[in-house]
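So you can see what is in the structure, the chains are spelled out below.
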Amino acid sequence: MALVVQKYGGSSVADAGGIKRVAQRIVATRKAGHSVVVVVSAMGDTTDELVDLATQVSPLPPGRELDMLLTAGERISMALVAMAIANLGLEGRSFTGSQAGVITDSAHGKARIIDVTPGRIRGALDEGAIPIVAGFQGVSQGGKDITTLGRGGSDTTAVALAAALGADVCEIYTDVDGIFTADPRLVPSARRIPRISYEEMLEMAACGAKILMLRCVEYARRYGIPVHVRSSFSNRNGTWVTEAGLAAGGQTEDEAMEQAIISGVAHDRSEAKITVVGVPDKVGEAARIFRAIAATDINIDMIVQNVSAAATGRTDISFTLPRERHVLRRAGGRRRQH
Amino acid sequence: MISTSEIRISVVVDESDVAMAVGAAHQAFDLGSDDEDAVVYGGTGR
Numbered sequence: 001m002a003l004v005v006q007k008y009g010g011s012s013v014a015d016a017g018g019i020k021r022v023a024q025r026i027v028a029t030r031k032a033g034h035s036v037v038v039v040v041s042a043m044g045d046t047t048d049e050l051v052d053l054a055t056q057v058s059p060l061p062p063g064r065e066l067d068m069l070l071t072a073g074e075r076i077s078m079a080l081v082a083m084a085i086a087n088l089g090l091e092g093r094s095f096t097g098s099q100a101g102v103i104t105d106s107a108h109g110k111a112r113i114i115d116v117t118p119g120r121i122r123g124a125l126d127e128g129a130i131p132i133v134a135g136f137q138g139v140s141q142g143g144k145d146i147t148t149l150g151r152g153g154s155d156t157t158a159v160a161l162a163a164a165l166g167a168d169v170c171e172i173y174t175d176v177d178g179i180f181t182a183d184p185r186l187v188p189s190a191r192r193i194p195r196i197s198y199e200e201m202l203e204m205a206a207c208g209a210k211i212l213m214l215r216c217v218e219y220a221r222r223y224g225i226p227v228h229v230r231s232s233f234s235n236r237n238g239t240w241v242t243e244a245g246l247a248a249g250g251q252t253e254d255e256a257m258e259q260a261i262i263s264g265v266a267h268d269r270s271e272a273k274i275t276v277v278g279v280p281d282k283v284g285e286a287a288r289i290f291r292a293i294a295a296t297d298i299n300i301d302m303i304v305q306n307v308s309a310a311a312t313g314r315t316d317i318s319f320t321l322p323r324e325r326h327v328l329r330r331a332g333g334r335r336r337q338h
Numbered sequence: 339m340i341s342t343s344e345i346r347i348s349v350v351v352d353e354s355d356v357a358m359a360v361g362a363a364h365q366a367f368d369l370g371s372d373d374e375d376a377v378v379y380g381g382t383g384r
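Chains A and B, in that order, give the protein sequences. So in the working numbering, the last one in the first sequence is 338, and the numbering has no gaps at all. So in the working numbering, the last one in the second sequence is 384, and the numbering has no gaps at all.
Read the hints as simulated data drawn from the structure, not as lab findings. The beta carbon of each residue, even a glycine, is placed where N, CA and C say it ideally should be. It is possible that some hints are incorrect.
Unchecked claim - Partial list, derived from the structure: chain B residues whose beta carbon lies under 7 Å from chain A: (1) 341; (2) 342; (3) 351; (4) 364; (5) 380.
With the sequences and hints as input, model every part of the structure.
Below, the structure written as structure tokens:
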């Protein structure tokens, strides 16, 4: 008997039919003799629709209120999943992130999990109930405000809960059959990767692969939680994200030899490129630019300095950063955007 | 714009070229499979 944390993404619980299918899978896991803790995302595109609604009311909604709004999405799905489980004869018991003991810092919209105190989840398990936890949300340590973890945050909730509960595995259910060599939405011939190391997955996630959130993979690596990514729509094998040794261990030598050096291709549509032209080519100038950027709390992703024109002693410096309009506005200064 | 690290090569292209660029890189490194196509069961990719 294992303790399994299962996380179901928005597309898996997009409608009543999906919620019933998810409930059947949860009940089947339980009937196979395992203890189950479930983490759910909001239904379908609920979160995006709520963001759209918020920006129609205010172009720059206060972070605290936006988080309060967005966390409503998981309340809907968690209660519905609990009801669907009840309909199958078992008890599902829903918990908000706060009730589940997900404690974060107070950075609204991108809060980090500081600690998980899952006393109530353990209690529910001991009483034979199946805890259904709202993903993506927590409560701030100091202010006791409701926070959200940012896009893909439910994956992090699931892994953090798995670590706090000492679970044997964290299963991430999504709308594709695992981790692929490229986004299957773009490349239909993409191949499923049966096993991948935390390190490779970290790099893919950092470069924009949306299948797993970066922080989720970091958390899993730190606590050594095996992550099993699979589809809630099929019974295929999915992808195991594990230690590098284990990732190679299940293979014969030939298979390991055949493994390509390149793991996969990730893409990210949210990058903006900025070029600062005519920068004096001397020590300290680049630092001046990046200090100004750093002061606005923006993380730079890529930096390239062009070849200096000897005649003028000036050069161009290009860099990329996340494309969020309000962030760009705050950066200020002269710039050329592509 | 191209940048590299020990374990990664990044290229910046126009957003309208992303799908083509990803497909080209994927093919160039022989990452694909001749078996059945990858299935996307749901979601809008938002």
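We went through each hint and held it up to the structure:
no., hint, verdict
1, 341, "holds (4 Å)"
2, 342, "violated (10 Å)"
3, 351, "violated (9 Å)"
4, 364, "holds (5 Å)"
5, 380, "holds (4 Å)"
When the structure is compared with the earlier hints, violations turn up for hints 2 and 3 and for no others.
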